[in-house]
Amino acid sequence: MTNQKIIDWKIASLANNDQSELNEELQSYLEANSELKAELLFIEHFWSNDVKPLVMPSDKLDANFYQMLSRAQSSQQLSTEKDSTEKHKTQQEPIKHESDTRYDSQAGQLSLIDKVITWLTPTPIAQFATLALVFTLGFNLNQPSNNEDNNQNYSGLQQEVSSLTTMLAMSMLQKESASERLSGVAYSRQTDLSNPLLVEQLIAVLTRDKSTSVRLAIINGLSELKSFGSSEQQLFTLATQEENLLVQIELCRLLLNYGSKKIKSQLTEQVNQQLLKPEVREFIKAQTMPLTI
Amino acid sequence: MKKTLSFTLPLTLIAMLTSSMQMASAAEKSYSLPLSKPGEPVSIDIEIYRGSVTLVGYKGDVIEISAKTSTFSGKDKDLKKVKGRANKNNSSRSTEGLKSVKSQGMRLEIEERNNEVEISSEVSNQHVDLIIKIPQRSSLEVDLYKGGDIKVEGISGSLELESYEGMIIAKDISGPIVAETAGTDIVVSFSDFTKKSPSSLTSHMGNVDITLAKTIAANVNVQTYQGEIFSGLDKDFTVVDDIKKNKKGKKQAVVLGGLMQAKVNGGGQELSLISYSGNLYIRKAK
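Just so you know, the protein sequences line up as chains A and B, in that order. Those letters in the first sequence? Residues 1396 to 1688, by my numbering. Those letters in the second sequence? Residues 392 to 677, by my numbering.
Please keep in mind that the hints were generated in silico from the structure rather than gathered at the bench. A couple of the hints might just be wrong.
[Stated by the list, open to error] Just some of the chain B residues that point at chain A, by a computed CB distance under 7 Å:
| # | residue |
| --- | --- |
| 1 | Glu571 |
| 2 | Ser588 |
| 3 | Pro589 |
| 4 | Thr593 |
Think of the CB as a built atom: it goes at the ideal place given N, C-alpha and C, for glycine as much as any other residue.
Turn these sequences into a full structure, and let the hints guide you.
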């Protein structure tokens, strides 16, 4: 209760309702109670702020404030009206809208990006033109006449490449180095061996080359021939008269696998004769033996 | 020799080495042959009837030849034929009062023209052991009919080697190489492998043994009729199926077997190993 009495006194004192001072008893109590003293100080501070008199605006300031408020209100109203007008225009002229507004807003100056965007913006005319172009291209590319032209060009190109490879092969086959002659054989395999001169040269090299590697490579390459034709009998003679075992075996393998029935028959007959080496005769026997499962 | 060199040009060198040294059983001679076009490609063609040939590559432009000859006194079918004919023709000649003089001369021909070198000894009763230092870039063609081996080391040029009785041993080469023996082995170690041209090693009755450096890329083809194949490669050998198609639909032929192939390090230039009755060994360098 003592605390409340003191607080009431303070409030009355601050409100100028009580000018009396505290009695000694309350004064000594207040001196001894620091918390109460802090509370009283807070009340005094709060009171002094709260009761500070407000500075009221002058008439001139009031007049300016209301002028500003009036201008702001009128500006807002104009803007609303303009927006509604533009919306109306947009509904009537949708294509012109964007460019017009940009011209309006930027005083007729377009940036490079704007130009690019404008160019890229699909319009019905542009869309139509694009579709027409795609259609025309597709139609033209699928024309049979063009296909034939392309095929002819491609075929011609292939023939040229084949001719060049044939020439290269024939040139390499004449080289002194066995390795280069092997290259010649490898090139000849890249052609379809349709050139009779190349086949003739291959068989000539097969007949006389001193390198077994080159001869074996040629025999291997001759398997690409679609038909031995007139060379078949020549190959058969070579096979029967050959002294090199490896070459003889491979020639027999070539003729047995790809030769005509007649040549296969002739070769099989050689098994019973002494012209072929024993190893080759064994080889032919093994090759011609019917498979039993 | 297939190559015919002109003897008329000033740069042509004909060295007929006749040893004046009287040795009981052998004659030795060394000869330095500077190339007429240093730094340019060199081709060396060697044909020796009897003996051995060792070729070692080095960085230089002088061909250093060391030759050792001796009279062949062994048995040889061809030699007997020659002697037999000679004795028959001269059987009536008297040797009374004459003493036999053994031929101890060396006959070795060396020719050079525009970096094309030809070395030959075609005397049937002379055994020649040749040790030749040659530029690394040299291209070689060696034919040895009788006697010892052909040995080649450290040559980066193309090699064409043929030995009828001896082995072919080539070390630290890059090819292309085309080598052939009749009944002896071919042993080759590749330090690199050229993409320029195919290589092929053929031994009719002997073994073919190759060692490939780890980085070499090649299509290794193997074919043996009665021998076996031993491979230390990571890649397996697969049968190359020979499929012949006729576009007109008349004939189609499929031949399975025969050749086998392994694409080493993704494949590359062809390297063929062929033997009728020998084994094929494919090793990978450690």
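Hint check results:
1. Glu571: Hint holds; glutamate 571 of chain B Cβ to chain A Cβ min 6 Å, cut 7 Å.
2. Ser588: Since chain A brings a Cβ to about 4 Å from serine 588 of chain B, closer than 7 Å, the hint holds.
3. Pro589: holds (4 Å)
4. Thr593: Constraint on threonine 593 of chain B satisfied, holds at 5 Å.
Checked against the numbered hints given earlier, this structure breaks none of them.
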